[in-house]
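When you get a sec, could you build the whole thing from the sequences and use the hints?
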Amino acid sequence: MELPIKNYKLLLVIPIALMVVSAGILITHYMRTGEWFNRSFELTGGTLVTIETKQATDIGAVESALSQFKVSVRSLTGFGGSKLLIQAGSDADSKAIIAALGSIGIDTSVSSVQTIGPALSESFWVQAQLALAAAFVFMGIVVFVLFRDPVPSGYVMLCAFSDIVVAMALMQVFGIELSLASLGGLIMLLDYSVDTDILLTTRCLRGTGTFGERWKSSVKTGFTMFGTAFGALVALYISGLSPVISEIAAVLILGLCADVILTWIQNSVLLKVHMERKGLL
Amino acid sequence: MSFMKHWHIWMLLVFVVASLLAIGLRDYPYGRDGVKIAYVARDSPAYGVFKQGMIITSLNGATVADASAWQTLSSATGPVKLTVDGRVYEFAVNKTLGIDAVDMERTNIELGLDLQGGTRIVLKPKTNATPETIQQIISILQTRANLYGLKEINFYPVSGIGESFVQIEAAGVGSDVVDDLLSRQGTFYALINKTAPVKEGEASLRIGDSYYNMTLLDNGTISVGGNAVQPGGKFTLQDVEFLYVGRTNRTAEFLAKVFDNDDIELVYTDPQKSGIQPQGKVFFFHFAVLVSKQGAERFAALTKGMGSYLDMASGEEYLDGKLFLYLDDEQISDLNIGAGLRGQVINTPSIQGSRETRDAAMKEMLSMQTVLRSGALPVSLETVSVDVISPRLGSSFFESTAYAALLAAAIVVALIVIRYRSLNVAIPMIFISFSEVLIIMGVAAGNDSRIWMSALAVNALIVGLAYWKKEVVDMSGVMGALLVPLVGLISWTIDLAAIAGVVAIIGTGVNHQIIIADETMMRTDEEKKKKTYFFRDHIKRAFFIIFGAAATTVAAMTPLIILGIGMIRGFAITALVGTLIGVLVTRPAYAGIIERVMSKKERL
Numbered sequence: 001m002e003l004p005i006k007n008y009k010l011l012l013v014i015p016i017a018l019m020v021v022s023a024g025i026l027i028t029h030y031m032r033t034g035e036w037f038n039r040s041f042e043l044t045g046g047t048l049v050t051i052e053t054k055q056a057t058d059i060g061a062v063e064s065a066l067s068q069f070k071v072s073v074r075s076l077t078g079f080g081g082s083k084l085l086i087q088a089g090s091d092a093d094s095k096a097i098i099a100a101l102g103s104i105g106i107d108t109s110v111s112s113v114q115t116i117g118p119a120l121s122e123s124f125w126v127q128a129q130l131a132l133a134a135a136f137v138f139m140g141i142v143v144f145v146l147f148r149d150p151v152p153s154g155y156v157m158l159c160a161f162s163d164i165v166v167a168m169a170l171m172q173v174f175g176i177e178l179s180l181a182s183l184g185g186l187i188m189l190l191d192y193s194v195d196t197d198i199l200l201t202t203r204c205l206r207g208t209g210t211f212g213e214r215w216k217s218s219v220k221t222g223f224t225m226f227g228t229a230f231g232a233l234v235a236l237y238i239s240g241l242s243p244v245i246s247e248i249a250a251v252l253i254l255g256l257c258a259d260v261i262l263t264w265i266q267n268s269v270l271l272k273v274h275m276e277r278k279g280l281l
Numbered sequence: 282m283s284f285m286k287h288w289h290i291w292m293l294l295v296f297v298v299a300s301l302l303a304i305g306l307r308d309y310p311y312g313r314d315g316v317k318i319a320y321v322a323r324d325s326p327a328y329g330v331f332k333q334g335m336i337i338t339s340l341n342g343a344t345v346a347d348a349s350a351w352q353t354l355s356s357a358t359g360p361v362k363l364t365v366d367g368r369v370y371e372f373a374v375n376k377t378l379g380i381d382a383v384d385m386e387r388t389n390i391e392l393g394l395d396l397q398g399g400t401r402i403v404l405k406p407k408t409n410a411t412p413e414t415i416q417q418i419i420s421i422l423q424t425r426a427n428l429y430g431l432k433e434i435n436f437y438p439v440s441g442i443g444e445s446f447v448q449i450e451a452a453g454v455g456s457d458v459v460d461d462l463l464s465r466q467g468t469f470y471a472l473i474n475k476t477a478p479v480k481e482g483e484a485s486l487r488i489g490d491s492y493y494n495m496t497l498l499d500n501g502t503i504s505v506g507g508n509a510v511q512p513g514g515k516f517t518l519q520d521v522e523f524l525y526v527g528r529t530n531r532t533a534e535f536l537a538k539v540f541d542n543d544d545i546e547l548v549y550t551d552p553q554k555s556g557i558q559p560q561g562k563v564f565f566f567h568f569a570v571l572v573s574k575q576g577a578e579r580f581a582a583l584t585k586g587m588g589s590y591l592d593m594a595s596g597e598e599y600l601d602g603k604l605f606l607y608l609d610d611e612q613i614s615d616l617n618i619g620a621g622l623r624g625q626v627i628n629t630p631s632i633q634g635s636r637e638t639r640d641a642a643m644k645e646m647l648s649m650q651t652v653l654r655s656g657a658l659p660v661s662l663e664t665v666s667v668d669v670i671s672p673r674l675g676s677s678f679f680e681s682t683a684y685a686a687l688l689a690a691a692i693v694v695a696l697i698v699i700r701y702r703s704l705n706v707a708i709p710m711i712f713i714s715f716s717e718v719l720i721i722m723g724v725a726a727g728n729d730s731r732i733w734m735s736a737l738a739v740n741a742l743i744v745g746l747a748y749w750k751k752e753v754v755d756m757s758g759v760m761g762a763l764l765v766p767l768v769g770l771i772s773w774t775i776d777l778a779a780i781a782g783v784v785a786i787i788g789t790g791v792n793h794q795i796i797i798a799d800e801t802m803m804r805t806d807e808e809k810k811k812k813t814y815f816f817r818d819h820i821k822r823a824f825f826i827i828f829g830a831a832a833t834t835v836a837a838m839t840p841l842i843i844l845g846i847g848m849i850r851g852f853a854i855t856a857l858v859g860t861l862i863g864v865l866v867t868r869p870a871y872a873g874i875i876e877r878v879m880s881k882k883e884r885l
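Quick note, the sequences are listed as chains B and S, same order.
Residue numbers for the first sequence follow this note's numbering, beginning at 1 and rising by one.
Residue numbers for the second sequence follow this note's numbering, beginning at 282 and rising by one.
DSSO-like cross-link-like pairs, simulated, lysine-lysine; straight-line CA separation at most 30 Å:
(1) S:Lys881 with B:Lys220
(2) S:Lys332 with S:Lys362
(3) S:Lys811 with B:Lys220
Here are a few chain B residues that face chain S, going by a calculated C-beta distance under 10 Å:
(4) Thr50
(5) Val126
(6) Ala133
(7) Val142
(8) Thr202
(9) Gly207
(10) Ser239
Honestly, the hints are just simulated from the structure, not real lab data.
Note that the structure is predicted; figures quoted are calculated from it, not measured.
Ideal placement from N, C-alpha and C gives every residue a C-beta, glycine not left out.
Dropping the structure here:
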């Protein structure tokens with residue numbers, strides 16, 4: 001059995017288009033704001049007031065009650081009730097914000113206030129960038145040691161890199177900011193992406209049967225992995241346990257979808273081309 | 282089939298039992314019912330008798346089962362009989378017992394601030410600080426916390442890239458305490474204003490019995506010992522630092538530093554030399570400090586020959602110069618100096634201030650006394666982050682987590698059953714995932730060295746037996762038996778980030794188990810032809826993928842542990858330990874279970 005289409009190289013159009021669109025989204029954002037993506041208050045400095053409520057609150061009412069402050073309001077609803085998240089600058093008066101919420105009848109007894117000043121957030125930001133870069137480089141070294149062949153190893157890392165780019169673009173589309181939580185999500189995505197690519201590469205390089213058979217067997221495993229991971233993450237996301245968990249789940253859900261195209265199409269086609277050239281098929 | 286064939290599974294079971302014990306095994310010297318004292322208020326009759334951390338088991342004969350029972354019971358007044366740490370105490374309560382108590386810990390797992398509530402503050406030195414300076418800062422802050430009576434508060438040095446921070450975690454400290462007590466540098470000084478009369482183009486400044494003549498230059502500048510000093514400029518005469526304020530045609534004004542931190546030898550807190558009085562609508566507080574001999578002599582020299590005036594309101598005679606006290610460049614008191622003190626060696630000046638309520642005055646006095654007693658910090662600090670999390674925020678979290686985990690498990694089981702049409706693959710998968718969570722938590726728990734050392738011994742025995750029975754003993758299994766109990770000795774805080782790490786481990790764990798299941802169920806052409814099945818070959822390839830994937834996880838997480846501060850670090854440690862447990866213990870055990878399932882199915 002062969003890949004589903006005869007002229008399989010044409011399939012590369014899909015991941016290339018995905019990358020072009022994603023890069024376009026990031027570049028447009030860069031041109032507009034001077035930043036590649038929106039950073040959350042943890043990475044720019046700011047205040048986050050979280051109020052836990054039994055019922056979901058009317059965001060419009062909250063926004064109008066807080067109109068004198070420069071805030072953005074979100075809410076998160078799940079099994080454990082509802083959470084109201086109010087984000088403001090790091091010099092915001094959190095007590096006044098909570099008092100204003102109390103004045104429109106919201107029970108503010110269960111609350112948390114997190115303030116991060118510009119000095120610490122700047123330090124976090126530097127660390128976040130270093131962490132992502134270091135994770136990528138170290139993973140690359142391990143993958144290379146694993147396959148001892150620069151071409152398939154390079155494809156694995158190309159796929160991981162594309163995953164991160166597409167996930168970041170999707171985060172922008174869905175309004176998820178880069179925070180310490182979503183950074184954690186991106187690192188998990190990197191890990192997941194490399195896992196599926198190691199699976200594909202191992203099965204294709206070391207398996208038996210035609211390339212199509214090897215590919216099909218790894219797709220079967222890969223889709224089972226995708227399905228369980230996706231299902232579990234959706235469960236986590238709708239549970240609304242905490243903004244941290246929801247954000248990680250959201251990033252991974254988006255990234256997993258990107259990985260389906262990037263691993264099972266992009267990397268598969270590239271691997272087949274490589275193996276044909278080397279006379280391995 | 283040999284009993285030891287599936288030694289990986291036995292090893293896993295030993296670790297599961299060890300983890301359950303590590304998490305749940307606790308001593309309750311005073312029984313399981315009781316509450317832990319979190320705070321004893323100053324106006325409590327038990328103040329000074331009970332320490333934070335003591336266990337209250339009964340009140341007036343009624344058992345105190347938990348914190349909510351304490352809430353209702355502790356409102357008792359009149360004679361109150363308490364059993365604390367096994368001993369009986371009796372108090373007469375007028376207004377309130379004033380003891381805050383929390384539930385006793387039921388597990389050995391330390392929960393993070395974001396799950397159990399509390400305050401976390403990060404302070405950053407305004408100038409670059411060496412690790413030694415940070416240690417010095419922490420010891421001063423600890424002194425302040427002790428003097429102030431803050432008990433459940435911890436200070437940690439935290440380093441970022443080229444930067445150092447001090448992290449403070451406390452069960453319940455408001456940001457006001459941080460601003461008034463902890464982040465204050467505590468630089469203290471006292472200034473006296475001095476006036477020098479101008480005659481014939483020269484100002485004459487008297488210190489003790491000496492007179493210093495200063496020539497007046499243009500633009501308000503004066504010449505001190507040949508150096509031009511502009512208004513706002515500083516100079517030193519007789520070891521006293523002077524600030525030149527400015528001049529008119531008749532006088533030149535100066536501020537002389539009479540005392541600073543080094544001069545403070547003692548801060549008085551006894552009622553004779555400190556106190557609070559209501560005066561009109563405000564409350565005045567005052568306390569005396571003992572200053573050094575040099576400071577007292579400086580005061581004498583600076584006030585010698587100073588003019589005085591009669592204050593009509595009080596009928597008292599005061600010196601022309603006033604004493605201004607500053608803490609961190611902010612004026613805290615300005616004091617009139619009685620004319621009788623002129624030229625005297627005064628060594629116990631009084632620090633005064635006022636606040637609108639008695640409580641606020643009390644607090645301010647206490648924090649000033651504390652700051653002065655502990656001394657100044659080597660560098661000034663700024664607050665860079667404050668997290669105040671209400672204790673109840675986390676309470677519903679575990680319940681919701683259980684629901685979320687059930688929902689996720691149900692989805693995974695459904696998908697696995699659909700895919701393999703067999704519960705034999707899905708049920709062990711859930712068991713393995715659950716045991717991974719359990720072992721991670723067991724490793725994270727504290728005070729568990731005996732348990733883990735026993736697990737090490739038992740598992741070494743299991744591996745030894747397997748080897749003796751000539752079973753295949755792989756290197757990774759041996760490492761698992763030895764390494765995981767050693768890792769068990771460390772402990773870390775379970776916070777939201779760590780939970781995210783657990784989620785990541787369960788995710789990769791399930792993925793790896795799918796890889797094991799798929800690899801072992803696949804048949805190569807050769808096997809199909811020969812109608813045989815080489816289990817070891819399949820497992821080998823599955824574990825090539827799994828070990829490769831785990832190695833990349835380790836590679837990604839290690840820099841995070843080294844780099845990360847705060848949240849990222851807990852995530853990385855959890856993920857790293859989880860990966861180790863996964864590849865060395867739980868996933869090999871899953872392979873063992875699948876092997877059993879397959880051999881039954883294929884009747885090999």
